Amino acid sequence: MIKVLYFAWLRQRTGTGEEELSLPDEVRDLGGLMRWLAARSPGHASAFADPAQVRMAVNQEFCGPEHPVKAGDEVAFFPPVTGG
Amino acid sequence: MTPSIRVQEAPFDLAAETAALSAGRVDVGGIASFVGLCRADDGLEALVLEHYPGMTERAIAGIVAKAGERWPLTGCTVIHRVGRILPGEGIVLVLAASRHRVAALEACAFLIDWLKTRAPFWKREEFAGGADRWVAAREEDEARTRDWG
Chain A
89 MIKVLYFAWL RQRTGTGEEE LSLPDEVRDL GGLMRWLAAR SPGHASAFAD
139 PAQVRMAVNQ EFCGPEHPVK AGDEVAFFPP VTGG
Chain B
32 MTPSIRVQEA PFDLAAETAA LSAGRVDVGG IASFVGLCRA DDGLEALVLE
82 HYPGMTERAI AGIVAKAGER WPLTGCTVIH RVGRILPGEG IVLVLAASRH
132 RVAALEACAF LIDWLKTRAP FWKREEFAGG ADRWVAAREE DEARTRDWG
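In order, the protein sequence lines correspond to chains A and B.
The working numbering puts the first residue of the first sequence at 89, with every later residue one more than the last.
The working numbering puts the first residue of the second sequence at 32, with every later residue one more than the last.
Okay, chain A solo, but in the shape it has when bound (with noise of 0.2 Å):
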């Protein structure tokens, strides 16, 4: 299992602030979660539309889509920051 968080937009467009899922083996990473992430719903699809506007963390670090995603992880998706 892991557990997806999605934050600001992400969240909305998902639906759902965090998800209990079960890693499919041809998921390798972040950039392949996101694919098949985009594939639950339409609201899903919605939020990874445009993937250069995602952000990502695994195991609350910011990564890029290349890194590798194994169970047990913390993945999270989110827009580029704005705080300060």
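If you're looking for bench data, these hints aren't it; they were derived computationally from the structure.
Fair warning: this is a prediction, and the values are worked out from it, not measured in the lab.
Accuracy of the hints is not assured; some may be wrong.
Stated by the list, open to error - Label pairs and their in silico Cβ distance ranges:
1. A:K91 <-> B:G60: 44 to 50 Å
2. B:S35 <-> A:A133: 40 to 46 Å
3. A:A140 <-> B:G99: 41 to 47 Å
All C-beta atoms in this analysis are idealised placements derived from N, C-alpha and C, irrespective of residue type, glycine included.
Starting from the known structure of chain A, arrange chain B on it as the hints suggest.
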């Protein structure tokens, strides 16, 4: 140097936080501060800040540690508010204390530049009449962060 890092809904008190960085000590030569405020641009009624609990505190601690490696700080405070913030209210407070002014001023600028682009906060703007929109990240902010090397 033990930094004070807080993510909270409540407002902060600049004077009290500044005083705390030199209370009971005589080795602090200067304290630089930055306070980010909520503006009422385009009829904005409120900013709503969301964050990633856990990662946020970790990311800020990492940024403060980087500042501590580059400048000899005697103290550092970062308070970032979340939730609903009204025009005129403070959003973020950064304080950097050191023996000398250059270290304090530079560290303070570094901290706010990095906080804006490397800590997981997101701002949503609420306008009169119920309209709202997510604030978009600015390339200019990213460039400033990169310039620190």
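Now the hints, each set against the structure:
1. A:K91 <-> B:G60: 44 to 50 Å: Because 46 Å falls inside the window, the suggested range holds.
2. B:S35 <-> A:A133: 40 to 46 Å: About 43 Å separates the Cβ atoms of S35 of chain B and A133 of chain A, which means 40 to 46 Å holds.
3. A:A140 <-> B:G99: 41 to 47 Å: violated, 34 Å
In summary, the one numbered hint that this structure violates is 3.
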